[in-house]
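Residue numbers (my numbering), protein chains in the order written: chain Z, 1 to 551; chain P, 1001 to 1110; chain C, 2001 to 2164.
No wet-lab data here; the hints were simulated from the structure.
Keep in mind it's a predicted model, so treat the numbers as computed, not measured.
Think of the CB as a built atom: it goes at the ideal place given N, C-alpha and C, for glycine as much as any other residue.
The reader is advised that the hints may include incorrect statements.
Derived coverage of chain Z by chain P (criterion: at least 3 residues anywhere in the stretch with Cβ under 8 Å from a Cβ of chain P; other residues may be distant) [said to hold, decoys possible]:
(1) 39–49
(2) 96–107
(3) 363–373
(4) 403–416
(5) 423–435
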Amino acid sequence: MYRYDEFDAKFVKERVAQFRDQVERRLAGELTEDEFKPLRLMNGLYLQLHAYMLRIAVPYGTLNSRQMRMLAHIARKYDKGYGHFTTRTNMQFHWIKLVDVPDILEDLASVEMHCIQTSGNCIRNVTADHFAGATDEEIEDPRPLCEIIRQWSSLHPEFVFLARKFKIAVGATPHDRAALLWHDMPVEIVKNEAGEVGYRVYAGGGMGRTPYIALLMKDFVKREDILAYLEAVLRVYNQDSRRDNIHKQRIKILVNAIGQEEMQRRVEREFEEIKASGSLQLPQEELDRIRAYFAPPKFETLDDEMPVGSYDFENWKKTNVHKHRAPGYAIATISLKAIGQTPGDISHVQMDALADLMDQFGIDEIRVSHEQNLVLPHARKRDLPAIFARLQKLDLATPNSGLITDIIACPGLDYCDLANARSIPIAKDIAKRFENLDRQHDIGELKIKISGCINACGHHHAGHIGILGVDKKGVEYYQILLGGSGAEDASVGNIMGPGFSAHDIGPAVERVVDTYVKLRQSGERFLDTYRRVGMEPFKNMAYLEQMYAAH
Amino acid sequence: MAATPALQVLTANRLRDGAVVYWQAGVWADEFKDADVFNDKAAADAALAAAMVFVKDRVVVNPYLFAVREEAGQIRAIEQREIIRGAGPSVRRDLGKQAKPSMEAFDVSI
Amino acid sequence: MPLIKDGAFVQDAFVTVADDAALPDGAAIVSLARFQKDREALLARNAPLGIQLKAPENPELLGEDVQRFSVIVLEFPVFRDGRAFSWARMLRERLKFTGEIRGTGHFLYDQIAYMKRVGFDAWNVAEGFRLEQFHRALTEITNVYQPSADGKKTIRELRATPRP
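Kindly produce the complete structure, drawing on both the sequences and the hints.
What follows is the structure, given as structure tokens:
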């Protein structure tokens, strides 16, 4: 993975000193809260319901064991012993004190981590497939480009005060695991007819009040031109986006307001000029230099046989172990979705133990997925039983990757100042209802995603079943959406109808799932059945109780 | 515009650590049970105005009034958001203000 | 309003003229609306001319006239409105404007370094703003990752430079 050189190290060090100074100025009254807020946001610091929340960048979801230990240390020293992985693969701590943040940033800098641009109206963390570098499906590892984009976007003087946040993801596989088309600017690594590797760039994806799937901007951008093209898109966005209505300031609004063609035309104009200036050309040597950091570990020549083990291990293998490009290796998903626990939360004990596990089994990296799970990208097949046993002791071995209890949920009203309703208790309730593993396997792939407000941090628009918490006269209600997808078949979920109370949402979801089981044809996932039969049958069943009650 | 609620409490977050605090006779209390309850709009507005001094002095941020009601002799927050701010996350009863022995537990189950 | 240019407080040689006010004899800054209304008269004057653009006003609206201005003032209606960063860059890089680009309105001390990088070279600051704050703002982050209008060497270029 990427290693800081003296320039990167100095950059974060100076950033820490800058923020320390900003905090001092705030506490001394030289900055009002209104002036301080954008500054703290650009270091990932929110004021939430109970305390400050600090969002730590995990670039393209990649951590080493040293960094994992530091996160455990921060959880212990500055927080209440646990953290939360987000749908942008970052780490959040919910009980932070403002006065501690400069020290926390200093601790993070010591392990090459930071909180730069994890919030605010700027370019955010660049995300990618959590199987990057390990899957045999990819054209190439997307993370070198992610790192190049990360550096280019860090404190980019032109783009630090955009109209709204700006999220970039890089994809490299036909099967999209990074919700690519839901991003403001998706970048897809592709091969053209001549076999050249280049980039297909989209713009205008986004969730929130008005969800959109990204539209194609350019089918093939040459490797050397990619930064020039990305800068062109950002420039058009910065210049032309509305600034009068906070709900209409994402790039998705601009693209859909002026139309795909006009957007392409404006971008192309900037692109030609930036290219001609030569200042942003990406030479092959630079790409190769960054690529070298991401060279895979030296894979040993190993027996490719998958070990057989206990009943629990076999169950876990079914869902949580995935094919690796190297014989004798496997990719293993570590579920942070234990039944009845908060999705995505992890304790300091678990973090330290995972760091130990990585070291013991010679796995250099761990990944964070946007689905709030962790991934061991390069596990030796022969080590899997021992790894599993260790995970089991840590309550990290729930065999539910991709199943209905593998729920995405934002922190919601239990933590978040923006929320209208709680999401975590709903996730826990639903997980408990579907706990039975046989039933989960019978249901198959069914992605439930829960957001506590329209900001959609829980990705409810992209859920096969999405749940949106709303506030109805001070009472929490939950709307169901069906048919969303965050994969390569990206689609926006459709709202079913009036919301359900907290008490009724679990049973309603059960009725929806039962409807699928009843109507499905051979081989159909929930999403496929929904796409075939439409909303009507699900809607009828979901509201059945209400219908009976009304009579 | 909604009518002024009958009963109100004044709250803010402490600047230095983000903790939830409640106005209690010109100082900031940690616990909801110690908060002044205003049954009079003028008194509530006066307290809010007085609270702004603490904003200027960098003690708290964003003071505001919220509605409460009396229920069986107890003052309770009405909105779920304020119930949770006063107690802690409903999903981690071992954390936040609710974890202190002196705090009464609020029913925030679904 | 105090004006910083070339790292020091300077006297503003220009008078900023309201849309309905009479023009002074000397150097004057007018709004885009005023310029569009009185273009001939303004360009005919034998005195330096400046123009003040609001955040939504794209400098390309000035057309070929852009080179006629000695100073172009870019407004920040709120610090959150970052359009001026792109306008300044456009002025320097596309329009090859070599006059003064002055920032005015609501910008933060912490934005000064970014403003310099995109091509601003003068700043209207609040009363009481200390010069040492200005110099500090420019030194907080030593190196930069991306090229901009200031031509400052990027970290990538520094990396390629052989070190002693």
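Outcome, coverage hint (the region 363–373 of chain Z, chain P; C-beta under 8 Å; three residues): violated (count 0)
Coverage claim, chain P over the region 423–435 of chain Z, checked by counting residues with Cβ within 8 Å (three needed): holds (count 5)
Are three or more residues of the region 39–49 of chain Z within 8 Å, CB to CB, of chain P? It holds, with 3 qualifying residues against the three required.
Is the listed coverage of the region 96–107 of chain Z by chain P valid when you require three or more residues with a beta carbon under 8 Å from a beta carbon of that chain? Since three or more residues must qualify, the claim that chain P covers the region 96–107 of chain Z holds, with 4 doing so at under 8 Å.
Mind taking a look at whether chain P covers the region 403–416 of chain Z? Criterion is 3 or more residues with CB to CB distance under 8 Å. holds (count 3)
In summary, the structure is inconsistent with hint 3 from the numbered list given earlier, while agreeing with all the others.
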